[in-house]
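On the provided structure of chain A, position chains R, H and G as indicated by the hints.
Chains as they are written, first to last, in our numbering: chain A, 1427 to 1575; chain R, 1427 to 1575; chain H, 1427 to 1575; chain G, 1427 to 1575.
Accuracy of the hints is not assured; some may be wrong.
If several chains are the same, the list does not tell them apart, and a pair holds so long as it fits within one copy or across any two.
Claimed, not checked - No farther apart than 20 Å at their CA atoms in a straight line, the calculated lysine to any residue pairs in the SDA-like style are these:
| hint | residue 1 | residue 2 |
| --- | --- | --- |
| 1 | Lys1533 | Ser1553 |
| 2 | Lys1533 | Phe1546 |
| 3 | Lys1533 | Glu1544 |
| 4 | Lys1533 | Pro1519 |
| 5 | Lys1554 | Thr1530 |
| 6 | Lys1554 | Pro1534 |
| 7 | Lys1533 | Ser1505 |
| 8 | Lys1533 | Leu1508 |
| 9 | Lys1533 | Val1430 |
| 10 | Lys1533 | Val1566 |
| 11 | Lys1533 | Leu1517 |
| 12 | Lys1554 | Leu1508 |
| 13 | Lys1554 | Ala1449 |
| 14 | Lys1533 | Lys1554 |
Please keep in mind that the hints were generated in silico from the structure rather than gathered at the bench.
Take a look at the letters that make up each chain.
4 protein chains.
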Amino acid sequence: MAEVSPEVRARVQASFDRQGLMAHLGARLSRIEPGVVHITLPARPEVTQQHGYFHAGATSAIADTAGGFAGFTVFPEDSTVLTVEYKMNLLAPAIGDHLEAVGTVLKPGRTLTICRLEVFAVRDGQSKLVAAGQQTLIRVDARPEPPAG
Amino acid sequence: MAEVSPEVRARVQASFDRQGLMAHLGARLSRIEPGVVHITLPARPEVTQQHGYFHAGATSAIADTAGGFAGFTVFPEDSTVLTVEYKMNLLAPAIGDHLEAVGTVLKPGRTLTICRLEVFAVRDGQSKLVAAGQQTLIRVDARPEPPAG
Amino acid sequence: MAEVSPEVRARVQASFDRQGLMAHLGARLSRIEPGVVHITLPARPEVTQQHGYFHAGATSAIADTAGGFAGFTVFPEDSTVLTVEYKMNLLAPAIGDHLEAVGTVLKPGRTLTICRLEVFAVRDGQSKLVAAGQQTLIRVDARPEPPAG
Amino acid sequence: MAEVSPEVRARVQASFDRQGLMAHLGARLSRIEPGVVHITLPARPEVTQQHGYFHAGATSAIADTAGGFAGFTVFPEDSTVLTVEYKMNLLAPAIGDHLEAVGTVLKPGRTLTICRLEVFAVRDGQSKLVAAGQQTLIRVDARPEPPAG
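Just chain A, with the same shape it has in the complex (with noise of 0.2 Å):
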């Protein structure tokens, strides 16, 4: 796997930073490589329902922006990315230590881009797919500003 350059890693970096939600829900950058970022959400009572499981709005909230990231890595430097639509299938309750949100480009283009996005829950060590979706980026150009979220 290719590793993205240290100006691209900074760049996703900063944009993630500036996202009051992701800070305020406990989320970190966990892995970026080219096309692929990584999100990880610790469990928290402030991201959890009454049963313990995480929230759907968490898992969704952090698989979107893993998928908007992914994006951004393999955009000019000049461009910002905008989520167009997503759809999400949660496949099995969300229990464990943390989860982790995979966002994958699956299609790159000029102005439309397709994610792939896939978030599993760690407990014990052992990963569960949990949640299973696609979603739409627009790129933006111009304006020096971080994904959208």
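Here is chains R, H and G on its own, set in the frame of chain A:
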């Protein structure tokens, strides 16, 4: 528009109150009708991006939850509801004093229920549609538990 | 409801007539308004399943096409439209004398346009919603070509 | 890759043969494995647009059907399957000698099963991904009927 019974209203509110994520985001139930639920989310740095827009993750979280509770209003007392999947288009930047998510049952069913999801951004009393989607819910019987979100 | 100009109507009809699949299925344009297009598909063994229901593939094909042409009615003359993606829920068995698909522009845009898709099964004059979805279209300029379907 | 039993293969083929639409389009089953079904659709004017591309309606119809039968291979003998919903991104113009749709079970379940949908356009032996999606199926017991498509 018919009104929900005090029992249903109390059941919906109690479920909502147990959702850690909704409290953490600062969201509240603002309308409960048979097959229709509204959730309001005031603008705060914790749910916005660097531009003062609401994060798509927050927008989707309240939309998904509004749809889940809309289904909940039409289900029998001893059942709960889980989101099977949803699809959301982000139509415009979500800028405003608050967001209002509206979940509406489009087709109730014994096992599966389909909802329409809409999110409006309200600014200076003006309301604008900023997200639209569709959701599939599954009814799960027996366990006395609130919606899974 | 405003009417489309004779030019737009002719442009939509000409495009539709060049779509081999629509003719092969036996579908026809039944309504053209600004931002709204209806397509009617009579019941025939060639579009149904073994139970006399319409095949989901036929249901979706006319829904997607109705949405594409709905977008086409609001675009400039020298542009065409491609489906980026769509999502469709099949709500009930599609049984009837004919199906009527309705594509409605929900949010027009310079690059992307979002449509609502609905399909009704009509039997003995009674109409029932059997499918509902949402579609993203992209406008492509220049080439004098009809919607891509 | 395990093989399906002759009984399952016969059951899938018999169901497919009763789908009027698949015969009308000229589609055929080209691979049946546990949890994976391929459907091939040769290029013909009846399934293409004016540019010689496959119509998105035909692309989606074979994708949805491939997913439905993929689910069918993992279900008990006395059950059938209905498409609850699906989402499809059209990634590139579908040009080629034939299309090959691949439905793959991503997550089997007692009630709901989730499939990945892919469609490849094959030209001069070269295969290109032209559509990708995700599908939710519901298993229906008892009636000895083939997939609904």
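Now for the hints, and whether the structure bears them out:
For a Cα distance limit of 20 Å, the shortest separation of Lys1533 from Ser1553 across copies, 15 Å, qualifies, whereas the shortest one inside one copy, 26 Å, does not. In this homomeric assembly, Lys1533 and Phe1546 come within 20 Å of each other (Cα to Cα) only across copies, at 13 Å, whereas the closest approach inside a single copy is 22 Å. For the homomeric pair Lys1533 and Glu1544, the shortest alpha-carbon distances inside one copy (16 Å) and between copies (13 Å) are both at most 20 Å. For a Cα distance limit of 20 Å, the shortest separation of Lys1533 from Pro1519 across copies, 13 Å, qualifies, whereas the shortest one inside one copy, 29 Å, does not.
When the C-alpha separation of Lys1554 and Thr1530 is checked against a cutoff of 20 Å, the pair qualifies both within a copy, at 17 Å, and between copies, at 18 Å. For the homomeric pair Lys1554 and Pro1534, the shortest alpha-carbon distance between copies (14 Å) is at most 20 Å, but the shortest distance inside one copy (27 Å) is not. Taking identical chains as interchangeable, the C-alpha atoms of Lys1533 and Ser1505 lie at most 20 Å apart only when both belong to the same chain, with a minimum of 17 Å there against 24 Å between chains. In the homo-oligomer, the alpha carbons of Lys1533 and Leu1508 lie at most 20 Å apart both inside one protomer (16 Å) and across protomers (17 Å), since each shortest distance falls under that limit.
Within a single copy, Lys1533 and Val1430 get their C-alpha atoms as close as 18 Å, which meets the 20 Å cut-off; across copies the closest is 32 Å, which misses it. Proximity of Lys1533 and Val1566 under a CA criterion of 20 Å is satisfied in both settings, with 17 Å inside one chain copy and 19 Å between copies. With identical chains, the CA atoms of Lys1533 and Leu1517 are at most 20 Å apart between copies only, with a shortest distance of 7 Å across copies and 24 Å within one. For the homomeric pair Lys1554 and Leu1508, the shortest alpha-carbon distance between copies (19 Å) is at most 20 Å, but the shortest distance inside one copy (28 Å) is not.
Taking the shortest Cα distances, Lys1554 and Ala1449 never come within 20 Å of each other, neither inside one copy (24 Å) nor across copies (27 Å). For the homomeric pair Lys1533 and Lys1554, the shortest alpha-carbon distance between copies (11 Å) is at most 20 Å, but the shortest distance inside one copy (25 Å) is not.
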